[in-house]
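Turn these sequences into a full structure, and let the hints steer you where they fit.
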Amino acid sequence: MLSDQLREAATAAAIEARDSAAIVEGKLELGELTLVIQPATILDVCRFLKDELKFIRLSSVTAVDWFPADPRFEVVYHLHSLDRNERLRLKCRVGGESPQIDSVTGLWRGANWYEREVFDLFGIRFLNHPDLRRIMMPDYWEGHPLRKDFPVHGNKYSYQNE
Amino acid sequence: MSDTVIPSPEISEPGELSTRRMTLNMGPQHPSTHGVLRVVIELDGETITKATPDIGFLHTGIEKEFEAKTWQQGVTLTDRVDYLANLSNNLCYALAVEKLLQLEIPPRAQWMRVMLAELTRINSHLVWLGTHALDIGAMTVFFYCFREREDLLRIFEMFSGQRLMTSYIRPGGLALEPPRGWEKVVRKFIDAFADHVTEYEDLLNKNPIFLRRTQGVGFLSLEAMLDWGVTGPMIRGAGLAWDIRKSEPYSSYEKFDFDIPTRKENDVYARFQVRVEELKQSARIVRQALDGMPEGAWQASAPHVVLPEREKMKTQMEALIYHFKIVTEGYSVPAGEAYAAVESPRGEIAYYAVSDGTSKPYRLHMRTPSFGNLQALPPMVEGTLIADTIASMGSMDFVLGDVDR
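Chains D and V, in that order, are what the protein sequence lines are. Numbering-wise, the first sequence is residues 1 to 162 according to my numbering. Numbering-wise, the second sequence is residues 1001 to 1405 according to my numbering.
Keep in mind the hints are simulated off the structure, nothing from the lab. Yeah, the Cβ is synthetic: ideal placement off N, Cα and C, and Gly gets one too. Treat the hints loosely; a few may be bogus.
[To be verified] Facing chain D, from chain V, some residues (calculated, C-beta under 8 Å):
1. S1247
2. Y1352
3. V1354
This is the structure:
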């Protein structure tokens, strides 16, 4: 259920009116609206936001690792509506052995590289992504560098055999 | 030319002409990429059927490194993302951190930030203009552009002590007091600049080779650009008057009078026109900043965030304690998250900063404009001639450090 403060945000109210179970929680802080969405409904909510509420731009997709919390990851989407000059942050919490979520490349083709980056650096799989490969790290790389349990000074690579 | 077909020695039957597609590796080192980018191109004759950019050669893990540095130290990393837009990146980082800290920045610092961000835009567009023209065969303009760029780098050095890695805009204001005599130097540059822009235009606007190579080349529809996440001068060259400086003004941009140049043609030449017009608009903003620069403090009154003056640090106990705390453990930022977006020379830079209340960022994501723009390379060049790829890629104005981070 939405708090009264969030109900005043038209976007949050519109999503709730459409699917009352989609929003897990939300907040309006520092002038930024954040909605935590059920991961299973991400495609549905995004389609609604893009088609009905005119969030035609996907500014970025990224993730935050809250290790050792469970579910461990937050996938973060920043949407932007040019018509209403409004920005919105969507979050989905995913976890488990192999974290995964639906890809939004079908809605915004620009999500392609952002999702590949999250896959590469966090190890979150995007279902139905057209080209899910590593993008920053070499293909043979083991591990996902932006995870909190990956050391800042990498432990895998050795210069000795070069 | 006659219509006679010269038979190739290996092929006897006309029906057996070889129509094999060719795969060509462009890069990782190629003069036109100005960085380390590999594009795997599939060719049918001279037409590109498929282009696959391969990035990551310059990935240095800057976002990971942020998590190991204090908020104060993080400024230096923002310089190293995009060597042509250091101050824009400094500014975006400062805005994100200040949003979390809820700091009030004095007007003089805000105006100074605007002025420096616009000088950065001029610097970046000059490098773009020179190298883009060089790529497609117009060599002279490069020397003119780099002549003015040298003056700009001297100005940056005068302010921050560094030509490239400025770190001059920091959370809380500016790093140092603006140097003595800066007005004179900046005014001298800006007074002469209008004539210089005319020089660049004269060299290219009537140059038939430049026109033939850029007009009608590198088309990508506005819908596709929005879909692919393209921002900045490219999208303005497609007719959309969207500029974050106007739509979501930051650092008191709303007090400045300037236009958003747009073109409808949506080709390489339109992007050239937009950028040249932006040079003039940036010069206009710098002039307004010079004329109306407010007096007063150039740092926020937040001793727990801003380093104290050297003199005070040596004579006052309290200043010494603050200095020691900021330098050793850094300042802690309230838990929360902030998204700050600025209009950089290449498009939308947005920093997503997550704090867990400690003195180090928990997560810092950089939405860099080059990453979003480069994604649109395949739809732009597929179906066009390989020779036009150089012009198309140049018009995107990406910096590979900005792509790979």
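Each hint tested on the structure:
no. : hint  : result
1   : S1247 : holds, 5 Å
2   : Y1352 : holds, 6 Å
3   : V1354 : holds, 6 Å
Against the hints set out earlier in the document, no violation occurs for any number.
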